[in-house]
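A.B. asks: Construct the complete structure from the given sequences, taking the supplied hints into account.
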Amino acid sequence: MATVTRRTRGAHQDGNAVTPTKTDVSTTNADMKTEDFAPVIEQTEDHVVLDLKNGHPCTFSTIMTLFWYHLFIFSPLAPPIIYGALYLLYRQLGYGVWVVWFLLNLVLFLVPPYYNRAFRQKHLRKVYIPLAHYAKSSKVVLPAKRFPEDRSYILGVHPHGRVMYSTSLISQVYDVFTRVLPDKGDLFGAAAGGFFNVPIIRNWFYALGAVPAGRSSLKKQLNKGNNILIVVGGVKEVCIPTYPDKDVLYLKKRLGFIKLAMETNAGVVPVYLFNENSLFESQPLWFLKFWEKANRYVNVGVPFFRGIYHLPFPFQRDLIIAFGEPLFAKEGESAESFHARYIEALQNLFDKYVGMTVNPKHKLIIT
Numbered sequence: 001m002a003t004v005t006r007r008t009r010g011a012h013q014d015g016n017a018v019t020p021t022k023t024d025v026s027t028t029n030a031d032m033k034t035e036d037f038a039p040v041i042e043q044t045e046d047h048v049v050l051d052l053k054n055g056h057p058c059t060f061s062t063i064m065t066l067f068w069y070h071l072f073i074f075s076p077l078a079p080p081i082i083y084g085a086l087y088l089l090y091r092q093l094g095y096g097v098w099v100v101w102f103l104l105n106l107v108l109f110l111v112p113p114y115y116n117r118a119f120r121q122k123h124l125r126k127v128y129i130p131l132a133h134y135a136k137s138s139k140v141v142l143p144a145k146r147f148p149e150d151r152s153y154i155l156g157v158h159p160h161g162r163v164m165y166s167t168s169l170i171s172q173v174y175d176v177f178t179r180v181l182p183d184k185g186d187l188f189g190a191a192a193g194g195f196f197n198v199p200i201i202r203n204w205f206y207a208l209g210a211v212p213a214g215r216s217s218l219k220k221q222l223n224k225g226n227n228i229l230i231v232v233g234g235v236k237e238v239c240i241p242t243y244p245d246k247d248v249l250y251l252k253k254r255l256g257f258i259k260l261a262m263e264t265n266a267g268v269v270p271v272y273l274f275n276e277n278s279l280f281e282s283q284p285l286w287f288l289k290f291w292e293k294a295n296r297y298v299n300v301g302v303p304f305f306r307g308i309y310h311l312p313f314p315f316q317r318d319l320i321i322a323f324g325e326p327l328f329a330k331e332g333e334s335a336e337s338f339h340a341r342y343i344e345a346l347q348n349l350f351d352k353y354v355g356m357t358v359n360p361k362h363k364l365i366i367t
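If you count by full-length UniProt numbering, then the sequence shown holds residues 1 to 367, one letter each, in order.
Quick caveat, the hints were computed from the structure, so don't treat them as lab data.
Positions of the beta carbon are idealized from the N, C-alpha and C atoms, including for glycine.
Please note: incorrect hints may appear among the correct ones.
With a straight-line cut-off of 25 Å between C-alpha atoms, the simulated DSS-like cross-links for lysine-lysine are [stated by the list, open to error]:
(1) Lys246 with Lys361
(2) Lys252 with Lys236
(3) Lys236 with Lys289
(4) Lys224 with Lys236
(5) Lys253 with Lys219
(6) Lys361 with Lys293
(7) Lys236 with Lys293
(8) Lys122 with Lys224
(9) Lys246 with Lys363
(10) Lys122 with Lys253
(11) Lys184 with Lys219
(12) Lys289 with Lys363
(13) Lys253 with Lys330
(14) Lys184 with Lys293
(15) Lys224 with Lys145
(16) Lys145 with Lys184
(17) Lys361 with Lys145
(18) Lys293 with Lys224
(19) Lys293 with Lys253
(20) Lys252 with Lys363
(21) Lys246 with Lys219
(22) Lys184 with Lys259
(23) Lys361 with Lys252
(24) Lys363 with Lys236
(25) Lys363 with Lys219
Label pairs and their in silico Cβ distance ranges [to be verified]:
(26) Arg306 with Gly193: 42 to 48 Å
(27) Lys252 with Pro284: 21 to 27 Å
(28) Lys253 with Lys126: 35 to 41 Å
(29) Ile41 with Gly193: 34 to 40 Å
C.D. replies: See the structure below:
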């Protein structure tokens, strides 16, 4: 056990926020491994603030890594680039290119999923850290006390955002959260099942620690002692318009993750991603309605998104990822009652930390 002393910086006080003071920050061995990447910049009696950006500038390498490893698969540029490259190869090499492409996809689809935790921690996280470096600022707010060690946890993440930017970041730097999460298990992210039917993307997602968002798949991981990250609003929330003065969530009819927690005796942790909805421009309602209907047949989200210079690239925003305290089902409690407590806890989490953002008057609407 090591102890470091830091003088914390001031923060907005809102609701139950606690005034930062000079404190001793006790860190475990897991904490020390991530100290250089995400140093503690603020400590209060009830929360710790970590700096994921940590002074790193946004470079050309940051932009290229962000695009090719994260944005490309969600971008409308992906199909023309892939098939354009195949066509050029066809012009040079003939029909054999299509045969090789078909066989490659077939092999990748039939090969069993590959996942290695050590490989993910050592190599794959490196291509997702640029998500933190690209942002104007990137901070994580964690509860000061560790969660009970004898449970698995479902992290309920809100809002979805256009391309799950902050969600992807915390999925791959999850070792930072061993300050509060039990260090005995792994963290897997739930993704739409359609991704796992597409060769190459399927293999990439499995390597990243993503699993299909089906009940049996998630229940299997929780029963193994692992933790699950779920973007609760799903595709339905992607098709909700974004606004400069408020976030609108789709949550009141989402009870599946609550029932899953009750079945597996897991805790549920609300996680709020401040400024996630401001990374891309708002889109017309008719456009979103069209894609909402399209998603009834195939889960593709809203593939045509625009950000900086009207390109499929996000604006640089001040990101704050706030974790709440875990909630547990009470004996004899109904799923509806547990769900109501979760909504209340999420609202309280938002109210508590919205004062730390650049727009402290931002509102949360839960539908």
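A.B. asks: Please write out, lowest number first, the hints stated earlier that are contradicted by the structure.
C.D. replies: The structure breaks hints 4, 6, 10, 14, 17, 18, 21, 25 and 26; every other hint is satisfied.
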